[in-house]
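Enquirer: Residue numbers (numbering that gives the first Met the number 0), protein chains in the order written: chain A, 0 to 301; chain B, 0 to 188; chain C, 0 to 664; chain D, 0 to 321; chain E, 0 to 172.
Take the hints with a grain of salt, since some may be wrong.
Taking lysine-lysine and the BS3-like style, the derived pairs with C-alpha atoms no more than 25 Å apart in a straight line are [unchecked claim]:
| hint | chain 1 | residue 1 | chain 2 | residue 2 |
| --- | --- | --- | --- | --- |
| 1 | E | 128 | D | 318 |
| 2 | A | 217 | C | 537 |
| 3 | B | 87 | A | 100 |
| 4 | C | 445 | C | 358 |
| 5 | E | 128 | A | 100 |
| 6 | A | 180 | C | 358 |
| 7 | D | 47 | C | 618 |
Computed list of chain D residues with no C-beta within reach of chain E, every gap over 12 Å [stated by the list, open to error]:
| hint | residue |
| --- | --- |
| 8 | 27 |
| 9 | 34 |
| 10 | 85 |
| 11 | 114 |
| 12 | 134 |
| 13 | 185 |
| 14 | 255 |
| 15 | 306 |
Derived by calculation from the structure, the hints in this document are not laboratory data.
Just so you know, even glycine gets a beta-carbon here, dropped at the ideal spot from N, CA and C.
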Amino acid sequence: MEPSAKYLYYPGCSLKGTGIAYEESLLTTFRLLELPIKELPDWNCCGATNYMSVSETSATLLAARNLALARQTGSRDLLAPCNACYLTLRKSQELVAHYPKIAHEVEQFLEQAGLPRLDSVRVRHVLEVLYTDVGVERLRELTVRRLQGVRMASYYGCQAVRPYGEVDDPHEPTRMDQILKAVGVDVVEYNLKTKCCGGALTGTIHDVGVRLNYILLKEAMRQGAQAIVTICPLCQFNLDAYQAEIRKQTGEPIDMPIFYLTQIVGWALGGDVRELGLHRAISGKKLIEQWFTVKKEAETYV
Amino acid sequence: MERQIRYQREADLEWAHRFTQHPGCERLLSCIQCGTCSGTCPLSIYMDITPRQVIAMVREGFRDDVLKSKTIWLCASCYACSVECPQKINITDVMYRLKREAIQNNVFPKRFPIPVLAQEFCEMVRRRGRNSEFWMVFRMALRSNPAILLSMMRTGWDLWRTGRLSMRMERIQRVNELQYIPAATKEVD
Amino acid sequence: MSEQRNGHVRIGVYICHCGANIADTVDVKAVAEYAATLPGVVISREYKYMCSDPGQELIQKDIEEHAINRVVVAACSPTLHENTFRGAAERAGLNPFFVQMVNIREHDSWVHSDREAATVKAKDLVRAAVMRVYFHKPLEKRRVPIHPEVLVVGGGIAGIHAALTVANSGKRVYLVEREPTIGGHMAQYDKTFPTLDCAACILTPKMSAVRAHPNITLWTYSEVVSVDGSVGDYKVVVKRKPRYVHEDLCVGCLQCIETCVYKDSKFDDEFNLGLSKRKPIYIPFAQATPKVVVIDPDACIQLKTGKCKKSCMEACVERGAIDFAQKETYEEIHVGSIIIATGFQTFDPRRMPQYGYGKYPNVYNTLEVERLVNASGPTSGQVITRDGRVPKSVGIVLCVGSRDENTNRWCSRVCCMTSLKLAHLIKEHTGAEVYIFYIDMRAAGKGYEEFYQRVLNEGVHFIRGRVAEITDWALDPSEAGKLVARVEDTNTGFVRRIPLDMVVLAVGLEPQPDAHEVQRMFGISCSLDGFFLEKHPKLAPAPTYTDGIFIAGLCHGPKDIPDTVMQAGYAAAEAIALADTGFFELEPNTAYVVEEECSGCKTCVPLCPYQAVTFNEEKQKAFINEVLCKGCGTCVAACPSGSIKQNLFEDEEIYSEIEGVLAYA
Amino acid sequence: MSDKPKIAFYWCASCGGCEESIVDLAEDILEVAQAVDIVFWPVAMDFKRKDVEAMPDGAILATLVNGSIRTSEQEEMAHLLRRKSQILIAYGSCAHTGGVPSLANQFTREEILRYVYEEAPSVVNENRVRPQPRHGHNGTAVTLPEFRGLVRSLDQVVEVDYYLPGCPPTPKLLKQAVLTLLSGNLPPKGTVLAPDTAQCDQCPRKETKPVDLKITEFKRPHWTQIDPEKCFLAQGIICMGPATRSGCEAQCIRGNMPCTGCFGPTTRVRDQGAKILSALASSVNAREPEDIEKIMDGIVDPVGTFYRYSLAKSLLRAKVTR
Amino acid sequence: MEDRPVSDKLSTSVQWEPIIVAFFCNWCTYTAADLAGVARMGYDPNVRVIRVMCSGRVDPQFVLDAFAHGADGVLIGGCHPGDCHYVEGNYKTLRRYHLLRRLLRDLGIEEQRLRLEWIAASEGEKVSKTINEMVEQVRALGPLRLSRRFKEWDAELASLEAEAQSEEVVAHV
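Just need the whole structure built from these sequences, with the hints factored in.
Expert: The structure is reproduced here in structure tokens:
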């Protein structure tokens, strides 16, 4: 086995599909921060909320396989950028720790599959790594350009800050705001930071899902935000993909870029527009062009 | 007219008792019926019964009423209620448990896409190790309501032109390891 | 165990059924039969209620008729009935310390369900006691005299009432209050439920009575800093903080405030919770007792920089009450007992950000609204929002920081009634629609339910549901510019959004932030919730486990004014009774050095926290002052040559117990 | 044979120092020898076991046995001498409380035999031969005493009348003991023939021990320059004195070495090690678990330090092995 | 003393049950145990509580004596640091406990067999939790029962004594 990287990267299914820009910007940001990162070999789907709805045991086993694979590599930190992956992996660790019956089944499965027993792999979220391991001050120092006068709202979505994580305070999270301010973004007050985007609902009970996103977008606008920054591929997708439909339904002039935190940080650190996947946006394309490509004068070099 | 009264023989108290033994459901009996869960839930506005009522019904053993409710399927697992609950009841896990029982007992609302999606998803993941977003949504739509595909066309196009739509069927290499995971629908208790 | 070690030992064993409490789980008959087989046991009986008169007489009779000289009673905890059975022995002419109790109720029948295992355990414990009692020695209780003086800590309604009661009985009372005035939280309230009489009107006469009472020494702006000694003679040191005003010289004319160089009041007024301002030199409120001004050293220019023209001093030149050179002083007093009435603090709703307190200006807590509705409050009794509007809709949110695993688990008891009162007052003052968001309406108390009915009939909306969040974002035009409460109305089953102009958070009651330090200083305990622990939740709700220290009021747990006054009176009665008895009997469990055995190694000397162990240089031996010894036994355990013993807890006695419980291991 | 009282000496598992100590009586030994007949003393005189066996029971006034009991032969001799003697005296630490040999109770018989016959650096024993209790050779059987799994004090094997503590007991105590025996004015059975106070009572450095001792560090004697005047504990050096019976005339302390506890505990104490542990720990100047642990790190071998002479008679008697 | 009747669960060799001797201080832990009783917070019946005024009275000899007499575990309960009814007796307990634990370790007694727990008068639940936890741990370790071991050692001697006597008889003949 090759020498282990500090961070193992668990993409999850979304970062290979609709959330590909998250993967691109994440890897770019880590490269610029000189943080060694390596994809977990042969990872499988975390099971997400769906699996839990069908079988708790199977869902835990599915997650456990990833944790076992991570252990094989010798790295301790398993980075799960997707909120759902993060929560699912953390939750399965909790279940194993608290319920001997589940722990036993996991043990049995890993043995059958020829995988090592679980060990203290730390499941980490990107936000947590940026805040704790890198630090706001360091990000401020490393910032090479700033988006002057651009107002953004930070949006966490639900699962990252809920019971199983240490990503941020579940009621009043502030870490993303701190990071965004450090890299030169104006952050607006946003009360709906941890309100759910509906997750898979946009695909299943479409109207309900879209309505939730409408509320999120509208409140961001009311607070004067020009864009929303997210840390979850599903949130980004939901907020990004249905704006045209919302415009049509409500007649409100909503057209707002939805970023990944790593896109904003990566750009501030000097990343290239394409390698940050900024070209993959569906909504707010004009603003994106204006901020990142056309109006170079918006940048100040520090 | 439908009879609204509930006779005590319809209450499955043994089921209710067993329910509180499951992981995450242990604190169910602490519920003080304050409604914080319902008030917090971003989806409670669409629910036929509120999460608080779900807990009350579970506690009193009205199994069928709970399992056939739309509420459990509307839960998006955002965990807001679990974080806010003053009695630290893990309501999300209660919902998961109810979803599983509903699927096993085949009592979920027919043509209601969420259980279908969940099953599709699990089947795909168990066979291939990964979920291919496109194919999953496609198959789910076929099984629940093919008409929905039309409305999805626009989103599909948006994704395709920004390079975010992968039609590849993803598959892990050591897929054989997954055979030791029991088929999801087999779960009992 | 060898018979010859004590040939005259005749043990009687008595197993109590405690009705069904013990007998249902422990086979008392089997235990009694078993006990009869133990060496030294002459009589072994079981009886329905050993603590009853016939039960005690049983023991007395056996002592008299069967020459029983050791008694083992297996019943409840010795903390409950040890004295009962010792008394029985004594009445029959046996030294009371030949009695040993076995706890087969709290430690056995009440915590085990397996009858067989519980019976085995009872046998083990009885055998241990039988083996132990073998070695018991006749002992005498020690008596300590009681200083008749009483210290009352805290000058809220509890402390005031306790102090007056004790003082009226002719004893000297020291009343120590941390703030510049007595009165406590009650002084801040507007009306009191359910009768709606004005709090100030009923409190201030009692405050004046304290000030005027010849038996009360009132020290405000003072804190207890150390407590030594024990029941009967507590040595207490009180720190008197400088108010920079001589209390005996100030007449309360308030001229100094008038002339202060600060023309405008610009410092937060503590009494009005920052809803109004005061100057660096101020009086907390009009009826403050003593009516003496105080200077805030953090605000006063003279005290901060030494560069002020000191116009206040000029105003007071005649009496010369103002003294910037005043230093803190310390008073040392000796008291026989102490009543702790240190009160509570309200829950800080910032800990629940979902309610927006501190973020939305029109979210208040109940204490602030008490001041708002008060005619002498910051708005002269007008209920207006911070932006000066008369609210059209007001929501009162209950259980904020109560009944919540994430903050405080307990019910704060007074919030329901306080909210009903405020709802009534707000409606009366403004005519607004008032919504009360509650989980359970708890209106148990004299006249309370009737008051609830009255408020119901006044048209207040009672929404049964715990508010999930208070927000300022509008989903509907009717919500624009308002606060919105999102809540499940569990009565109707709807999730509702209710727009409000003003939100009142009925904050829960918590222990004082320094309760833990106070608890340690006085050597008492806290319950899990952090409030001070009473000796018995039913039968001794004011005494503590520390003899001579009593608790009263909300430092013991949330309660309303009538309950507070009752407890304060009860604590006072206990203190008076103690002082009138004149002495207190102590357990004879002191340690002693056997002089000819002691090698003078001095190990024990520094271990005693009471300086009871000293080293006699002349004899080159350690010596224990029995009067100072409290009987913990730490020195006994440490003595490396086994030369210190402890009455009631001799090595032999404990070894026998160990051997006894393990005889079958 | 004269009708002078008969005295016997015997040694079991011991170093021989106790035998030396008898000779250390110097000219006083003559006094003793005049008063008694020594009927059995294998180390100095040529008597055989069968001579003892031939005596009627109780023929010997007093036997002084030193050494602890490890082998079956020692047990047999203990029983034999017990029967033949009116008074049996455990002489020296080993007979009294197990002594240094009983520190071997920290190891199993197997561990000891393996080390001694196979693993010790000086051993060459390729075939891993071990002594056998019975060995047949050319038609004759040779036997060796059985090696017990445990070292015992004398009184754990036979009833003992008196104890003379010390490693070894002082000539003064021995002489006193013999004279007491001869006087016929016997103390109660089971008495330890030494004062029943702890060492500090007679310690020349007693006055230098502070009344408020707070131990901040434990030092081993060889780690530090020892102040020859000051109480050892005040210097952070473990001294067993407070938990050890006096009567040794503080010989070690006068030699500037701390007491190691050879006189055993006082009568009131059941476990010498636990008692010194309690006293020392109580005096440690720390409140936080980490700080306490740090100070305790200075005690490298608690068992060897606290039970140097008394493991066999300690409450646990031996290490628990499975 | 006679052997325990066969019906008694704790002694039948078929189903070994650990016995734990607990020394509880009068003011905090003993009171908490009373509270656990009043509130009927059930726990395993394997514990035998011995009351002392302060955990500072717990002589390490008592702990060893309990083990020597057959305890499988020893639990010491005292007031929380800073809350001692006797100001600081519990600190002395803590220090002794730390050193005693080292000694026991060297004498082959597993760490979990001696436990020191601070339990305040109000913590009835902690009494029940601590006892259950400890019983569980000690049960997993298996029996210590030194008393039986000592009996075996004594039996070894007794057999020898008999043998020695018989041999001697032979020799005399």
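Enquirer: Using Cβ atoms and 12 Å as the threshold, tell me whether residue 85 of chain D really stays out of contact range of chain E.
Expert: Since the minimum Cβ distance to chain E is about 19 Å, residue 85 of chain D lies beyond 12 Å and the statement holds.
Enquirer: Regarding the assertion that residue 34 of chain D does not contact chain E, is the least Cβ-Cβ distance greater than 12 Å?
Expert: holds, 31 Å
Enquirer: Given the hint that residue 47 of chain D pairs with residue 618 of chain C, does the C-alpha gap stay at or below 25 Å?
Expert: Distance of about 53 Å is beyond 25 Å: violated.
Enquirer: Under the criterion that the straight-line Cα-Cα distance not exceed 25 Å, is the pair residue 87 of chain B, residue 100 of chain A satisfied?
Expert: holds, 23 Å
Enquirer: Report holds if the minimum CB distance from residue 255 of chain D to chain E is greater than 12 Å, and violated otherwise.
Expert: The claim stands: residue 255 of chain D keeps its Cβ more than 12 Å from every Cβ of chain E (closest is about 26 Å).
Enquirer: According to the definition I'm using, a residue is off the interface if its beta carbon is farther than 12 Å from all beta carbons of the partner; does residue 185 of chain D meet that for chain E?
Expert: holds, 26 Å
Enquirer: Starting from residue 128 of chain E, check that the Cα of residue 100 of chain A is at most 25 Å away, please.
Expert: holds, 21 Å
Enquirer: Checking the smallest CB distance to chain E, is residue 114 of chain D really beyond 12 Å?
Expert: At roughly 17 Å from the nearest Cβ of chain E, residue 114 of chain D sits farther out than 12 Å, so the non-interface label holds.
Enquirer: Are the Cα atoms of residue 128 of chain E and residue 318 of chain D separated by 25 Å or less?
Expert: Given that 25 Å is the threshold and the Cα spacing comes to 31 Å, the pair is violated.
Enquirer: Just double-check residue 134 of chain D for me: nearest Cβ-Cβ distance to chain E has to come out over 12 Å.
Expert: Since the minimum Cβ distance to chain E is about 19 Å, residue 134 of chain D lies beyond 12 Å and the statement holds.
Enquirer: Could you let me know if the closest chain E CB is still more than 12 Å away from the CB of residue 27 of chain D?
Expert: holds, 36 Å
Enquirer: Test the statement that residue 306 of chain D is away from the interface with chain E: the closest C-beta pair must be farther apart than 12 Å.
Expert: violated, 9 Å
Of the hints listed earlier, those the structure fails to meet are numbers 1, 2, 4, 7 and 15, in rising order.
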